[in-house]
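Colleague: Put the two chains together into one complex, using the hints given.
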Amino acid sequence: MALQDLTPQLRTRLSRIERVVGVFVILATLILLAGLAYYVYSTAQRKGWFLTKAPYFVFVQSAAGLNVGDPVKLMGFDAGEITKIEPMPPSDPMFNVYVEFAIRSPYYGYLWTDSRAKLTAGDFLGNRFLEVTKGTNGVPTYQINSGEPTEPNAKELPITGVWNDQNAYIPINKKFEVYNEKDHTYKYSPYWLRSEESPSLSDRLDDVIAIVQANLPIVFSLTNSLAESLTNSAHMVERLDQTLLGVQPILTNLTIISAQLSNPHGALGEWLIPTQINQRIQGTLTTADATLRSANTNVNMLADNLNHTLESVAAITANLKDQVQANSLMLSQISSLVVDADDFVQGLKRNWLLKASFQSPSNPPIEGLVAPSVGGGGK
Amino acid sequence: MKSLLARASLNLGLVLLAFGFGCSSTPPPAPVPPARQQAQFVAASALKLSQAGNWVAAAREWQEAADQFSALNDLGNEAVALHNLAQADRELDRLDAAQHLLDRAATLNQQAGQTNEWWRDQIALLQVESREEQTAPIEARFKRLVPLLPKVEDPQLRGLFLNEFAQWQQRQEHLNEAAQTYQQAEQAFVQAARPQGVAAVSANRASLYLAQTNYPAALKEWSRALAEYEAIAEPFGITRALEGQGRTMLVAKQDLPEAEELLRRAARNFQTLRKPGYQVDALLTLIDCLKARNEPLAEAQRELARAREAYAADLEKAEQWTAAGEQWKAAADLWQTLDQPAARNLALAGVQRCSRQQ
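In the order they appear, the protein sequences are chains A and B.
At position 260 of the first sequence (counting the first as 1) the number is 260 in this note's numbering, and the numbers step up by one without a gap.
Offset between the second sequence (1-based) and this note's numbering: plus 1000.
Just so you know, these hints were derived from the structure itself, not from any lab.
Fair warning: there could be bad hints in the mix.
Distance ranges between label pairs, derived from CB positions [to be verified]: (1) B:Gly1113 with A:Asn137: 28 to 34 Å; (2) A:Val219 with B:Val1056: 25 to 31 Å; (3) B:Val1056 with A:Val40: 53 to 59 Å; (4) A:Ser62 with B:Arg1356: 26 to 32 Å; (5) B:Thr1322 with A:Lys47: 55 to 61 Å.
Quick caveat: nothing in here was measured; it's all calculated off a predicted structure.
Note that CB positions come from ideal geometry on N, CA and C, so glycine has one too.
Chain B with its partners taken away, still in its complex shape (with noise of 0.2 Å):
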């Protein structure tokens, strides 16, 4: 019996060696063509590049991945290295070659049938046309894609659009349909698990409840975003926070101390993020709240001239002459106040430079 229970295990171990081995093996993977090999390197550097915020070298290195799949044929790939070289170019203020670059994108995705990045174009796209304040094009925008809504399975492109949407609602003074919408935009993404976009909704939503004077749920909702960019710690995310926080404490006027050093935090940390843009909002509200408690404004207004100065030099950059002559003509204006002729000479040089430009 001990003998037929050994042939029969040894027997069994031979055919599983032999399907194990004997019976091996798939060639290979065919390697990937170099051409295709350089095209998805120079993507990824890109990738890396814009995940560092590192804007201008990401554009550079987006371009080349876009000529690279172009020559390449590859539309879809070609689609996505255009729009990531959109959003590089949104960053740098470029508004006007990233929504040229964005309608390509689209045309692009459309024709290789890629209908989530097709929504992605959209969404960025509705975001620099609210950036540029182009109501009549957002609004033919959300007729389209309102209905085609339902289609869309992916629960990110859901609440992305739907943020927006409710943004849109929001100005258009829409109030309570607003937060019908923001209340479905952050189930999308509770139910994406991306807790950015639940974090962006927190805060979309304390605007809401600011814009309707109901200050304690602002506060309130305030609060819970930043413990929601603290706890992803991003740092853009959790200055806002800062910054309407303060902005709320001094509509409502409680607690002007504490309102004060919020907004200094913000302003502070805005200058750190090399936001200028921010930096001026952030500045403005706290000289308000500096006048609410009687305090000397001549620091501040020295950081906000200084902050003027570095948004006129960033839109001057991207070359929107108009925009970045009323900086230096504000920062002028502040220089003259502050008794600082040097200064005042210099940006009202910038005041020249931009209306020779223009």
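Isolated chain A (complex conformation) (with noise of 0.2 Å):
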């Protein structure tokens, strides 16, 4: 039925259903647009798509268990992940594999001279993962703008320099490209950073179970001793028991004749101290008892006068700390006295006439270790 066939009423019925379909179809279709606008923005903030990423590269002897796209941690932090694995060349005798990564800002001014990238055992599946340490003792990889130091809660941190070979910054575009003043191009130039390798878990363990298959014979012929040490134990036991036997008469003896000894007319002590001896030991703990008076009457007075030197030191010291409160400025005076006698001795050391004086000890460079071999060089 065409729609000229309908009544006015229905047509203009129909006609404003229809508005109200497309303005929903619209409505949803912004609605879609948005929220896939936000998902893209969102998934673009915690990948770090808007932030700048500094390159970095590492040579290591294995790609076993490292992956294109493999997160790179710091300090617990996902700060970058691998761009790029690549073999070295097989003339190359020093380097087996390549691995690039990138770096996201702000994590990139962590890494120092002295950071290194250590390839760690992820898990026991033969996996690994690249994590790079904070810098303690250098300088900042990459230049951030005038070479000011690294803030850690920026953002953003625009890039100006990487640190090169000769000890210094030298300029780098937004595609990390140096420079070349001979032939005019731009060479792509990530910073190396050195690297610390551990086998993976799976390796460890190999090595650990071999070590372990090459001592099992020394552990068996240990066991045997062992076992052949415990025979004997048992042997040695029995005679025991046997000799414990024997013994048992030697005891009864003994305890009659102990029961022997406590009888006061028989007894040992009277036998050994006559009654003189009883008498003198009584004198001496006599006069012991004196002596030990007396002493203690000297450690009462010897007490007595340590008290008074502990309150006169009590004394001392409580004028020491009216003099330090009375002064109060007195440590800042001395402590900038120091500074400027630093700064004296500092530029005298400078002087053309007095640097000889201050000559500083250097270490010296270092040279082969040869000894005098005796007889052939020894074994």
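Modeller: Encoded structure:
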């Protein structure tokens, strides 16, 4: 049935419904687009798409357990991700695998020249992950703004230079390229971090198993020896038991003798200590008692004197405290005096006339160690 | 007149003040870059470990220092670090690794133009090759180095090289030439004020006299070496001199009780110094001495078995499986002689372990 065939009332109602449906579809489309845009925005923020990412690379012995896209850790945070893993040319004698990774802002501010990239075992399946360590004693690997130190809370840290082998920052553009004056070209120049590689847990377990296997014969021989020792001990205990049975009558006799000794008229004490000695011991004890009494008096006097001395010391320290409180600026004045004296001495050190007197001790250059051999160099 | 003098002295004082303070001063020296400072710190730490005889830790530190100098493209210091790493490996009986490292160090020193360090590498290579008893390479090296010796100005290097050369001549049984070369080496060490070198030459000369069966002269030289090592307080040298005196007395059949005492002291000192290879030699000589005196051997044989086991363990660490297996076998035979089946089984387990690794 065509629309023209409908009554005018029905046509009006239908066109109103069409308008409502159109508005609904447009609104739904707008909401969908807004949701998509918000999802893209939150993903970008989470993955740090809008942040500057500084490129670094390391050389490792093996790429086992490493994948492009794996996160790079710094102090437990996901600070970046691996961007490239390539084998080195067969002619390279030193390194096997080139691994490049990008560190997001502001984490690259923590990486200094003494930072290290550690390859650590991740799990028992042979996976490993890359962890970079915070620098403590060098200079930042990338120059940020005008070379100011990194601010940890800053979200975006613009990079202007990279630290190079000549121990200076060289300018770098936004694509991390360095300008070569000879051939007027730009060369991509990520920073080389030194690596510390540890084998995966499965490799370590293999090594442990090999060592255990090698030492099993020794363990078995030890257990054999132990069994032999235990058998010998059992024999010994049996013999000891027989010996104890033999000793029992001797113990009975000893009990009878000791009972006899407890009798006052035949006891060992009266045999050995005659009456005169008892009297002398009593006299000695009386004298010792008198000596102890006089010593007690002396100790009391000594304690009194010590008390006086301590009181004097307390008075001296109280005076000192008063002095310090009265001169509250004394310490700061002493401090500034020391600082000024240091400045003065540093100036003297640079003076042309006196600098020879302040030659700083420096480590002598290292040289090869060779000792004269006796009888063919030794074993 | 007085006021004139006072004015003149005042003016002179002002001029001196102007010179002293006014014309000052040089800017402070440029700081050493942190990376280089770190590498030098690692090298200094490694040197201390080498001097203390902690060879395992020293090898690790020298490797780290070599890597850091390599990253800085500092060929000279990298070569020295590799040389010292090789010396640590040599002390740990890793002779092949030491030889390879010394070859690399020599190449780097040649590139860096460090002649003295290159000579040190060559002398260390001669010492390693002597220990491995590689006759042909040593001969070729001496043929190449002897013509270059007159260009060496450092008396210490001359002494070290001549000491090695004299030992080579002695092994080739050119005893008279060796005696002359020892003389030159001693002069060089005296000129360089190196008492350790002088003592080493005395000990080597005593060995030469022993080879010539000139026992009184050998005993005199051992006594001299002992006194020189005692003056510089070097325990290893002292022990070798004691062992040499005892061995010479035994060969000369003079005062055997004294020889036994000297050999016992030497064996005990080698054990304290953790030199089981030398301890084995000293105990073998002691057993010969006890046989000559018709004394019981059991105690010395037990010590010998233990020393052989310690030496075998060291050789296993250095992955020298053949030599380690031989030591375990000798220890097992000794334990059988002493009727100690449990200890013999342990030694036989060592033999099997080494034969599996070969």
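Colleague: It remains to establish, for every hint, whether it holds in the given structure.
Modeller: Against the structure, the hints:
1. In this structure the hint that Gly1113 (chain B) and Asn137 (chain A) lie 28 to 34 Å apart at CB holds, the actual value being about 32 Å.
2. Between Val219 (chain A) and Val1056 (chain B) the C-beta distance comes to about 26 Å, which sits within the given range of 25 to 31 Å.
3. Here the CB-CB span from Val1056 (chain B) to Val40 (chain A) is close to 57 Å, well matched to the stated 53 to 59 Å.
4. One distance hint, 26 to 32 Å for the beta-carbon pair Ser62 (chain A) and Arg1356 (chain B), holds here, with the actual separation near 27 Å.
5. Hint check: Thr1322 (chain B) to Lys47 (chain A), Cβ distance near 59 Å, so the stated range 55 to 61 Å holds.
The structure is consistent with each of the numbered hints, conforming to all of them.
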